[in-house]
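Chain by chain, the residues:
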Amino acid sequence: MKEIYVDLINIRRKVFAEIARIAYNDMDLSEIERIPYYIIPGEVAKYRENIFRERAIVEERLRLTLGLNVRSLKEFTKVTDGIDSIDVDKMVLDLPLVNVIKFACEACPDRAVIVTDNCRKCLAHPCTNVCPVNAVSIGKNRALIDKEKCIRCGKCKENCPYNAIIEYHRPCSQVCGVNAIESDELGRAKINDKKCVSCGRCITQCPFGAIADKSQIYQLIKALKTNDHMYAIIAPSFVGQFGLLVSPSQIFEGIKLLGFKDVVEVGLGADITTLNEAKEFLEKVPNEYPYMGTSCCNSWTLMVEKMFPDQYKYISDSASPMVETAKYIKRIDPEAIVTFIGPCISKKLEALREEVKDYVHFVITFEELMGMFVGKGIELSEIEVDKEIQDASILGRGFAAAGGVAEAVKKTAQMLDPSREILIESASNLHDCVKLMRIAKAGKKNGYLLEGMACPGGCIAGPGTLASIDRVRKALAQFMNQSKYNTPLENNNICKL
Amino acid sequence: MKVKVCMGSNCTLLGAMNILDQVEDLKDLISENEDYRDDELDIDVVKCLGYCKGESRNVSPVVVVDDEVICNATSQIVMEKIMKKLRK
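Chains as they are written, first to last, in the numbering used here: chain A, 9 to 505; chain B, 23 to 110.
Bound conformation, chain B alone (with noise of 0.2 Å):
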């Protein structure tokens, strides 16, 4: 599964490197939970996707889940859909 951090001017201004620093705490608890999958979790910091800098400012942070754009994205938000496509 891959999990890319938007880490852009907007989004770390607002929080994107807390979100990083949680979803990467993940791999810790997972690797103790035999519920889930260990193995799969790939987490990528990359540049601007550009998406606040069309019609909508209010769109940071953004984290991309696999094909899935999340805006707004809060760290629970991300960590659920991590956990839940993680689930055995």
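The shape of chain A in the complex, shown without the other chains (with noise of 0.2 Å):
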């Protein structure tokens, strides 16, 4: 999350935080109607123009949050249409997940160069000297830039010996490595579903909040309150993600009160994963595969799957460890019903595919966790608890970290078979992992255990966290040190399986 858009996320956040209590509270969803003036008080906007529009994009935040799709301003509709839709206690997912608000999408240009007042128009102007296809000019004020010319290389950027020309960048398309991002009639930004792998850094990066993916939230409270089978699963970065006084054991304790039965970590599935994709690598590579791809990371596979179809099979058939987790607990209750809890959007997405449908049945991120408690008045720093967690190696608990899984894998099938050296290598963020995938198509990467992440960091700095990435590395080095397990071989939770 880029935490430092506080007044974004707090708004943001706070639509989490009442959707949360109108759901535990069992008020009547028509209550949503009044909730922008509580986000939004008073009678002078504070963001845009107009408390008007203010208001009415928290009213589309709060349809996405309830799973609703977003209202097009051409036509009539009231914030609670469709709302019957919605009002169940099983995961609703209208497809797309991630959704331009576009009456909050403030149109930005495309990325452009531009000469800024920093201009002297001095003798020397290296920038008209450097561009390779005499696109800058001098003109009575300043650099002229000639738009139709401009390649967009940057020389006469990096030249100006007064810092005077500048990139300009939109930053939805600017971070969305797969160049999803399109403009509609109106310029504004427009998704191209085709081509999203909804890894969610553009809902992080746009400086309007324009961009917000659908919440699940209110239907799993619905559920929590009805079914006594319901189990939540936890990826490994949700350490330090809510606050410095909290524990891991006061987490898990926080979650039991939000109405789950139990609580068990990702890391534990994450073993899984491990001893699954040592063991596929060591037998397929290098005679039926020239490369493995690590399969954890859903925005990564499904780049891979959209980009690079003919390398799709070299992605490692082993489930994640989301999916482990849920079939261990489907194992130990079969009337399971599995919440993984995460900082990634892209999961909501593998949620729903035919062979994961079965064992997750919901999908929320840490923030939409955090809403929950403060929804339901939950101090996680007053739970007393002496318990401890000892679900996961640290191998594990390291999948959250950029590196993490290639290190896990790598460790794990040189154990299994010490002759083998293997050779490994990671992106963390869609640009890299795009490179990365081109490299190893053209055969320069065989041999190797590719591990793909969206995420720059990691699973970290996924776009559900709450606590900035440099707090969260840390209390990981910490919980993963307090594992009593080295490695995936010596889980006793996994080898009573």
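Accuracy of the hints is not assured; some may be wrong.
[Said to hold, decoys possible] In silico lysine-lysine, DSS-like type, Cα no more than 30 Å apart, as pairs:
1) Lys384(A) <-> Lys75(B)
2) Lys10(A) <-> Lys106(B)
3) Lys75(B) <-> Lys230(A)
4) Lys24(B) <-> Lys482(A)
5) Lys482(A) <-> Lys69(B)
6) Lys264(A) <-> Lys69(B)
7) Lys287(A) <-> Lys314(A)
8) Lys69(B) <-> Lys10(A)
9) Lys24(B) <-> Lys395(A)
[Claimed, not checked] The calculated label-pair distances, taken between Cβ atoms and stated as ranges, are:
10) Asn94(B) <-> Leu103(A): 33 to 39 Å
11) Glu343(A) <-> Asp88(B): 54 to 60 Å
12) Glu77(B) <-> Ala120(A): 19 to 25 Å
13) Ser80(A) <-> Asp88(B): 51 to 57 Å
14) Asn94(B) <-> Asn33(A): 23 to 29 Å
[Stated by the list, open to error] Derived list of chain B stretches under chain A, where covered just means 3 residues or more per stretch with a C-beta under 8 Å from a C-beta of chain A:
15) 25-32
16) 35-42
17) 60-71
Calculated directly from the structure, the hints in this document are not laboratory data.
Everything numeric in this text was worked out from a predicted model, so none of it was measured.
Quick reminder that beta carbons are idealized off the backbone N, C-alpha and C, glycines included.
Fit chain to chain and form the complex, with the hints in mind.
Here you go:
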């Protein structure tokens, strides 16, 4: 999460907390009409040119959080339209997952190189001399860049002695690693769903908060109120997310207070995935597969499926830690309804897959979970608990940070077959993932285990996080060291299976 | 000078960790700047102070600088107060 975008974050999170409050208190859903007045109080606009628009955007956020589609300005619709369809206790996810709130989008122009007021129209004017397409000339007051000719190489920018030339980006499209952001007829962002892999980077980067994903917290809370077989599984990046005074055990107990029967670390599933991927790698590379890609990041595997369909078969067949953890619970309680709690929104899509949908029934983010704690009035730091969490090995917990997956698979594979040397390479943002796949496709990564993660730094930097990556990285290192199992091979929980 | 950053559920939801990150970064900033006293900044993280449990729900995040309670705290307001007090 881009933590510094405080105003945006607070609006989003207040919406989560309010929807959770309505769900826990069994309030009528027509209550959502009041919430924009609570979140945007008073008569004077604070963020935009008028308060009506500010409140209308909150209404769209409320709709998305309830699982409804965004409305079109073209036709008359009430904020509550369609509400009966989502007032249920089962997961509702009407695609697309990632949506542009059209009237929140300010239609930022595309990438350009522009001359600013800093230009002193100097005699040397290196900007003109270095331009490979002769697009820069000296005008009456400053240098001018011919937009038709400019190829946006940035050479003029690099050479200006006054830093007068800047490169301007559209934040959503700059951060998108798969070029999925296009423009509609009014220049507003439009997501090409054929290209989008739902990594959520655009959601975190848009400075106007115009992009949002759908949530399932309302339906989840309804299910928690009626079903006794609700289980939560939580991704290893959860440590440090819920405030500095809260221990991992307190977080687990807090989740139970929300109505869950039990909580299991997804690190346990990561241990199973590690064992599977290690065996798969030893068996198939290099004879069947030239290289093997990891399978745990859904946006990475979706990217490979969409952009490199002929290479998709070299992505590991092993199920992701989310799925393995859910299967583990299903073995213990066949009636289990499993909720994955993580930093990730792409997992919301993974849960819809044919081979996953019977195991994972809800997916929410840490941010949404925090909204639930607040909605139900739970103070995590006040919870008394002396239990220790020991579901996963050090390596399984390490999946949360970039490099952790490849490291775990490599170490485990070498323990299974010490004679094998295993080469690994990791990419941890979608741009780099695409580059890595291009190189792999060209045959230059044969024999490698390739780890792809869509978020910069790994899951600890996912779009659904609350704490800064530095804080979580430290907390994760500490949590890893508290595990009594060094590797998945020592993990008693999975040996029992 | 004592700075208490509330880390209750409400305040954590609404950016208390970001305020803490930024206030902690001040230590580096003032240690390099002779105009400020850098030995007096004492930052503490505290459990829910209870202000949000009163009549108004709209008070988080809460930060206390010495005896002054700042509701709906933003990092810039908190940092400005601290910097003013630490100026030699």
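Checked hints:
1. Restraint check for Lys384(A) and Lys75(B): the C-alpha separation of about 13 Å stays at or below 30 Å, so the hint holds.
2. For the proposed pair Lys10(A) and Lys106(B), the alpha carbon gap of about 28 Å is at most 30 Å, so the pair holds.
3. Using a Cα cut-off of 30 Å, the hinted pair Lys75(B) and Lys230(A) holds, with the two alpha carbons roughly 25 Å apart.
4. For the suggested pair Lys24(B) and Lys482(A), the alpha carbons sit about 25 Å apart, so the restraint of at most 30 Å is met.
5. Restraint check for Lys482(A) and Lys69(B): the C-alpha separation of about 21 Å stays at or below 30 Å, so the hint holds.
6. Distance restraint check for Lys264(A) and Lys69(B): the Cα-Cα separation of roughly 21 Å lies within the 30 Å cut-off, and the hinted pair is therefore satisfied.
7. For the hint pairing Lys287(A) with Lys314(A), the CA-to-CA distance comes to about 27 Å; that is within 30 Å, so the pair holds.
8. Note on Lys69(B) and Lys10(A): the hinted pairing holds, with a Cα-Cα distance of about 25 Å set against a maximum of 30 Å.
9. In summary, the hint linking Lys24(B) to Lys395(A) is not supported, as the alpha carbons are separated by about 34 Å, beyond the 30 Å threshold.
10. The beta-carbon spacing between Asn94(B) and Leu103(A), approximately 37 Å, falls within the hinted interval of 33 to 39 Å.
11. The hinted range of 54 to 60 Å is satisfied by Glu343(A) and Asp88(B), whose Cβ atoms lie roughly 55 Å apart.
12. Evaluation of the 19 to 25 Å hint for Glu77(B) and Ala120(A) yields a failure: the beta carbon distance comes to about 51 Å.
13. A C-beta distance of roughly 52 Å is found between Ser80(A) and Asp88(B), which places it inside the suggested range of 51 to 57 Å.
14. Restraint check, Asn94(B) to Asn33(A): a C-beta distance of roughly 24 Å satisfies the suggested window 23 to 29 Å.
15. With a threshold of 8 Å between beta carbons, the proposed coverage of the segment 25-32 of chain B by chain A holds, since 4 of its residues qualify and at least three are required.
16. Check result for the segment 35-42 of chain B against chain A: holds, 7 residues qualifying (beta carbon to beta carbon below 8 Å, three or more required).
17. With 4 residues bearing a CB less than 8 Å from a CB of chain A, the segment 60-71 of chain B meets the requirement of three and the coverage assertion stands.
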